[in-house]
Amino acid sequence: MSENRLLCPVCNNSNFLIKYEATYVYSYIIDSDAPGLRNKNEFLPFMFDNREQKDTKQFVECITCGSKFRCYFNQWDNKIGFKALQEAISQHQPDNIL
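Each residue of the sequence shown is one higher than the last, beginning at 65 in the working numbering.
Honestly, I wouldn't trust all of these hints.
[What the hints assert, rightly or not] Derived BS3-like pairs (lysine-lysine); straight-line CA-CA distance at most 30 Å: (1) K132 with K83; (2) K121 with K83; (3) K118 with K132; (4) K121 with K147.
[As the list claims (entries may be wrong)] Between beta-carbon pairs, the in silico distance windows are: (5) Q155 with G130: 30 to 40 Å; (6) F137 with N105: 35 to 45 Å; (7) N68 with E116: 16 to 26 Å; (8) N76 with E106: 51 to 61 Å; (9) M111 with G145: 29 to 39 Å; (10) Q155 with I94: 42 to 52 Å; (11) T87 with I127: 22 to 32 Å; (12) N68 with M111: 38 to 48 Å.
Hint data in this document are derived by calculation from the structure and do not stem from the laboratory.
Even for Gly, the Cβ is constructed at its ideal location relative to N, Cα and C.
Go ahead and model the full structure; you've got the sequences and the hints to work with.
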């Protein structure tokens, strides 16, 4: 594998996306004027009172064939980030059902 680009082990292409998928539960306190203490005259979904993260997934996805490779990034720089991408793609079987 070239040091400068990633190659998909399924289709041998080099077109990828990094995706971060998260699931949240938003809560709104019901009061007299609108759901949520921050909503005054109408309900605006982004004006929540509490947000709780329930799940998170990070993965690299091949744009060409759709193969997905699980990974985890807690910091990024050119050296660490690229190495983590290479490891995610080369060490894991593609997981198309995340």
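Here's how the hints hold up against the structure:
1. K132 with K83: 10 Å, holds
2. K121 with K83: 8 Å, holds
3. K118 with K132: 21 Å, holds
4. K121 with K147: With Cα atoms ~19 Å apart, K121 and K147 stay inside 30 Å; holds.
5. Q155 with G130: 30 to 40 Å: Distance hint for Q155, G130 is violated at roughly 19 Å.
6. F137 with N105: 35 to 45 Å: 41 Å, holds
7. N68 with E116: 16 to 26 Å: Cβ of N68 to Cβ of E116: about 41 Å, so the range 16 to 26 Å is violated.
8. N76 with E106: 51 to 61 Å: 52 Å, holds
9. M111 with G145: 29 to 39 Å: Since the Cβ atoms of M111 and G145 sit about 35 Å apart, the hinted range of 29 to 39 Å holds.
10. Q155 with I94: 42 to 52 Å: Because 49 Å falls inside the window, the suggested range holds.
11. T87 with I127: 22 to 32 Å: 24 Å, holds
12. N68 with M111: 38 to 48 Å: 45 Å, holds
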